[in-house]
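J.: Below are the chains, spelled out letter by letter.
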Amino acid sequence: SQTIHQWPATLVQPVGSPLSLECTVEGTSNPNLYWYRQAAGRGLQLLFYSVGIGQISSEVPQNLSASRPQDRQFILSSKKLLLSDSGFYLCAWSSGTGGTSYEQYFGPGTRLTVT
Amino acid sequence: AQSVAQPEDQVNVAEGNPLTVKCTYSVSGNPYLFWYVQYPNRGLQFLLKYITGDNLVKGSYGFEAEFNKSQTSFHLKKPSALVSDSALYFCAVRAGGSYIPTFGRGTSLIVHP
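Taken in order, these protein sequences are the chains called A and B. Taken in order, the first sequence gives residues 9 to 123; the numbers are from the numbering used here. Taken in order, the second sequence gives residues 126 to 238; the numbers are from the numbering used here.
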């Protein structure tokens, strides 16, 4: 069965510090991968998605970036955090091209607080 | 462009009563529709989907949803609510050729004992 991991679970970082959040998926190949941010326990904001290694699409211009160095690894980064980067970050995957499921599966999330 | 509306920020229901969480959508072409549930400080969990076929789809934990093409709706239902169903529910839609779903703002379901 497929599993999605995210770490760390919680993170407190000062303004101006760097960020690296990691997401890995097990049990599937060539997944589509997504990074979302959820503010105030409500709506999801899509930040980045990827349909393959090295292929990253950005949905929102900001000081965050994403990379996909391996098929099942998705990393969210920032060189300098802002207060507004605080939130609940969720990684998700769905079947890629040729897959038979259409829904997304989400990781447990990372709670980021920028102080 | 695609969009989802969840018109109720919060739904309150007594345990044992039926529940409905509303969702309407707009999308070009045939819609792929989804419901997810989120418990506090957790990721979203997939409940059910409509891709094609029978308009009534059944999912996890006794939930079901009815696809209504003429009303562009996909309401989530359960015949008998449990206190443990209390959570945040998200409806999502995407067009058949897209990898990117659009999520509604979420509806908080509160089931009272």
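Simulated from the structure, these hints should not be mistaken for lab results. This one's a predicted model, so the numbers in the text were calculated from it and none came from an experiment. Errors might be hidden in some of the hints.
[To be verified] Only part of the chain B face toward chain A is listed, based on derived beta-carbon distances under 7 Å:
{"id": "1", "residue": "Y150"}
{"id": "2", "residue": "G154"}
{"id": "3", "residue": "Y164"}
{"id": "4", "residue": "L169"}
{"id": "5", "residue": "K174"}
{"id": "6", "residue": "Y175"}
{"id": "7", "residue": "F188"}
{"id": "8", "residue": "G222"}
{"id": "9", "residue": "F228"}
{"id": "10", "residue": "R230"}
[What the hints assert, rightly or not] Covered stretches of chain A (chain B as the covering partner; in silico rule of three or more C-beta atoms under 8 Å from a C-beta of chain B):
{"id": "11", "stretch": "53 to 59"}
{"id": "12", "stretch": "82 to 91"}
The beta carbon of each residue, even a glycine, is placed where N, CA and C say it ideally should be.
J.: A separate judgement is required for each hint: does it hold in the structure or not?
T.: Results for each hint:
The criterion of a C-beta within 7 Å of any C-beta in chain A is not met by B:Y150, whose closest approach is roughly 15 Å, and the hint is violated. Violation of the interface hint for B:G154 is found here, the shortest Cβ-Cβ separation to chain A being roughly 14 Å, above the 7 Å cut-off. For B:Y164, the interface hint is violated, since its Cβ never comes within 7 Å of a Cβ in chain A; the closest pair sits about 11 Å apart. The restraint placing B:L169 at the interface with chain A holds, with a minimum CB-CB distance near 4 Å, inside the 7 Å limit.
At its closest, the beta carbon of B:K174 sits 5 Å from a beta carbon of chain A; the interface hint therefore holds under the 7 Å criterion. The restraint placing B:Y175 at the interface with chain A is violated, with a minimum CB-CB distance near 10 Å, outside the 7 Å limit. Given the 7 Å rule on beta carbons, the hint for B:F188 is violated: about 14 Å separates it from the nearest Cβ of chain A. Hint status for B:G222 relative to chain A: violated, with the closest Cβ pair at about 11 Å, above 7 Å.
Residue-level restraint check for B:F228 holds (minimum Cβ-Cβ distance to chain A is 5 Å; threshold 7 Å). Nearest Cβ of chain A to the Cβ of B:R230: about 5 Å, under the 7 Å cut. The hint holds. Counting residues of the stretch 53 to 59 of chain A whose C-beta sits closer than 8 Å to any C-beta of chain B gives 3, which meets the bar of three, so the coverage hint holds. Residues of the stretch 82 to 91 of chain A with a Cβ under 8 Å from some Cβ of chain B number 0, which does not satisfy the need for three, so the listed coverage is violated.
Taken one by one, the earlier hints fail for this structure at numbers 1, 2, 3, 6, 7, 8 and 12, listed in ascending order.
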